[in-house]
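Chemist: The chain contents come next:
Number of protein chains: 2
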Amino acid sequence: MKIIIIGGVAGGASAAARCRRLDENAEIIMFERGPVVSFSNCCLPYHISGVVEKEETLVLMNPQKFKMWFNIDARVNSNVISVNSNAKTIQVENTVTGEVTTEHYDALVVSPGADSVVPLFPGLEKIDNYCLKTVPDVSKIMSFIKENNPKHMTVVGGGFIGLEAAENLRERGIDVTLIEGTDQIIPFVDRDMSYFGQAEMVRNGVEIIIEDLVEAFDARKVILKSGKEIETDGVILAIGVKPSTGFLKDSGVELNERGYIKVDDNYQTTAKDVYAAGDAILVTNQLTGQPFPLAMAGPANKQGRLIADRINGRKINNKGYIGSGVVKLFDLNVASTGLSEKMLVSTGIEYDVVYAAPPGIVGIMPGNHLVYSKLIFEKDTGKILGAQFATNGAPDKRADVISTAIKASMTVEDLADLELCYAPPFGTGKDVVNKVGYIASNLNEGAFKQVRFSEVYDLLETGEQVIDVREAIEYEAGHIKGAVNIPMSSLRQRLDELDKTKPVYVHCRTGERSYNMTLMLKANGFDAYNVAGSYEFVKAYEEMMSYNHKNRKDIMVGNCTACAGQLAEEKSA
Amino acid sequence: MKIIIIGGVAGGASAAARCRRLDENAEIIMFERGPVVSFSNCCLPYHISGVVEKEETLVLMNPQKFKMWFNIDARVNSNVISVNSNAKTIQVENTVTGEVTTEHYDALVVSPGADSVVPLFPGLEKIDNYCLKTVPDVSKIMSFIKENNPKHMTVVGGGFIGLEAAENLRERGIDVTLIEGTDQIIPFVDRDMSYFGQAEMVRNGVEIIIEDLVEAFDARKVILKSGKEIETDGVILAIGVKPSTGFLKDSGVELNERGYIKVDDNYQTTAKDVYAAGDAILVTNQLTGQPFPLAMAGPANKQGRLIADRINGRKINNKGYIGSGVVKLFDLNVASTGLSEKMLVSTGIEYDVVYAAPPGIVGIMPGNHLVYSKLIFEKDTGKILGAQFATNGAPDKRADVISTAIKASMTVEDLADLELCYAPPFGTGKDVVNKVGYIASNLNEGAFKQVRFSEVYDLLETGEQVIDVREAIEYEAGHIKGAVNIPMSSLRQRLDELDKTKPVYVHCRTGERSYNMTLMLKANGFDAYNVAGSYEFVKAYEEMMSYNHKNRKDIMVGNCTACAGQLAEEKSA
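For the protein sequence lines, the chains are C and R, in the order given.
If you use my numbering, the first sequence corresponds to residues 2 to 574, in order.
If you use my numbering, the second sequence corresponds to residues 2 to 574, in order.
Treat identical chains as interchangeable: a pair holds within one or across any two.
Below 20 Å or equal to it, Euclidean Cα-Cα: the simulated EDC-like pairs (lysine to aspartate or glutamate) are: (1) LYS523 x ASP24; (2) LYS55 x GLU148; (3) LYS320 x GLU414; (4) LYS501 x GLU25; (5) LYS316 x GLU446; (6) LYS66 x GLU513; (7) LYS384 x GLU342.
The set of hints was computed from the structure by calculation and includes no laboratory data.
In isolation and in its complexed conformation, chain C is listed as follows (with noise of 0.2 Å):
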């Protein structure tokens, strides 16, 4: 059996050593087009920074240890150019001596991946500009930071590496412009969440420009459709991906009109015994059963693994991707998994969201913090759909569990049932993830009745009946400007100051004593509802628009956050 494998990092690289443990026997080949196999692309903005340190250590295997080890046969610097699937014969160019091979194959992976994209910007030959993608892309990076000792730097995109790049660059003492396209930053999260994140990339100095697309490059010079420009001494270009399939036109192997690979269920491409891995195939959704890009280097590494599996005559088992993802932005980490409600608009499926920032640890232990979060369900079912959080703690750990529970098709009660390790340093008594659980059950029962955070601008510009029943030294600190404060310790007796001819709207800090409350007074015969997100999640979004300078309603009035830390709600234990 002769297996031959097309790109050495991450679903390649998994491929090629599965296919080793499982037949000892097999040939097998690996063509790279790169200089290096298996390296951390993950990595590479960290070390811009510096906090990887050495260049060479983001280089994780050489093809001497891919043959020691594994008797593998990796190829570098070798670019396959086309695939003949019916001759089940593929041609590789060395990119070096420019020679031209042609190599059988029993079986044959494609693992390509994505390059970037650079569009065709006018003046961008003027510029300092470069991609952060590959181990040459982060060298020519190093080198221009080290000879140029840059000011300012300009990242276009906002995405996975855009951000990590200008967290790193900035880190580096650079300063940084972020631009992006659309309106917001952080896509894997929706907008509402993303406020966190551009809260706080602009805390630590980034400027950050969304809604904007950049026209053209000069010397040291953005120029924006806007017409603003920026001084920049260089640009790092992070604005997305293509699939580097270029090569298997009329290989029988089938594209999508953007190029990605179609894979069945066990991953085989139109072509037979030809399979295909990583950031250049489409996947299925299991919520959606819709096929969608996937990059990501578990997927990747998961689906090289299966391929081995099905080449060995094993039966694999398929049940489609959520898609799961964390950023680290400074001190607050943003974490999603499954599908957003931009996902989502385009399903037809029902859904519900509730908010809630519940601490993430004990509140009177040293570090304590909130989990800014949401969660997505299906109406009805309960079904969980999805789910984000931003935190200075651990969002991970949350979209993890949730992540599992989506996995398994669990509803919104299951999430109340868990049972999540607990001790004072590492969370609390009820988990954020039980929480959410429990405010989403209780909604999906019809239990109360809720608007979003986002829902509250209006009701106030419309004079809506909007109480903030926190006490009184936290509206004093810092309050939505027309919302009334009743708090809750006094709220049952003076329920005459109320219209009940009028729905109520109620928020308090985090939305917890407003659902206490939202629920009296519906047992009271109000019309009552709870402000979901409450005044943390109105404070985000009041903070990303003095930002953005425009859309701002600005109606906060100072800012509470300390005294409002020692409320007993949220020491839970």
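Put chain R on the given structure of chain C with help from the hints.
Modeler: Same frame as chain C, but now just chain R:
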């Protein structure tokens, strides 16, 4: 509806608040024996070190707040001395005035918690001694410390409270000896995982004595069964707890022989309209169907809430409990979920175990660390039964994921399929959970055979072939005496150095390379076994044995740590 709640901490307070949310008009009275309601018992040890600085912050709520916020009548210093479930009355003694009153109830919630066990040790009165279960307990400890400035204290008991007490005393600069009667500390994990915690405690200056018991106390002295005497200034007794259920004698509420309250799936006791929650009840184990006590804050809170649902006529869904826990021991964190081997012994369930020590985050990132992992699963079905993790990183997130998987009756194969959040500061492309899932799947389907790391001792004594496939530089830095070094990079070429007529036992640092080589040897006709846990687990075992000064095999040469961190297998990305 008049609802009486006995006990004002986790279960009781949760039941009270939820009862109010579900019925604005109910009369709710909560009786608490102690002087405070709703305190953070889990945070008590952290006040000793000053991590939780102010004693008053340990108290989360007070009767005034219960009244103002929830319209709940919370009465402290109110000791319920009897329950008459026929008459639906309780008798309450005011512990300040001695006055006894009778109260009628429509529904009764019993959540009395547990008391510290204090055996009648000879001479106990001659030494300053304290428990650590209540706010007054910790008050007394703090007064003792401030007035006497002790140089050395002794903690009796190696469970949660004893361990946290020892850590926090040490953080205060006090020398500590911890005495544990069984053969291990950290009872919620198996002995082989407790090694890591014991080693960390000793590294931080806590003397640990296991398999010895307190015989008697004397002035400034602890006398052990072994004859050993310890000079000490004071003692904290954290030996265990017994349910505080004496007042239920003749109440109609059935207890087991140890005083735990029996409840049905609705948390109803054997007496009509009497429900029970928290540390004093027996819950049903989801995996074994057996009743067991589970003294944890999260389950207590949940039970209180569900009882409130039940009292208000709602159906509840009790799927049973599995138990999850975590403890911080200086820089090491230990987490567990589900069944341990100790618990499995008496169940008759056929199970298998895998060990691994994969990296917790990408190996080239600062702060990289290993996650010592143990996964337990049912033979053949692959159903997950339990998991234990010890690491300087985040064991809780791995245990939480597996806890969720157990709740969903997942198999080890499902673990391999999970999509967990990854970015270099948070994990690796294949997470620890995926990896233990892969290993267990392979073992369960018979792809390879293994022996446990603890079996290496006997194998070496009987002269078996034990092969260390780490590279020479690692072997030279430290190895197991008697293991023969044939590095993975040359093993294929040196097969003739092995005796094919005898089994070959293969180890590396963490079990990953040796797994590859076990498969290679098998393919070449050898009877090969992977040493599960490999060098890292043997090293931890030896370190613990060096502290216990007995049963030590002394089979380690040197200590290999840093060099191995650079190995490519552990830089997975």
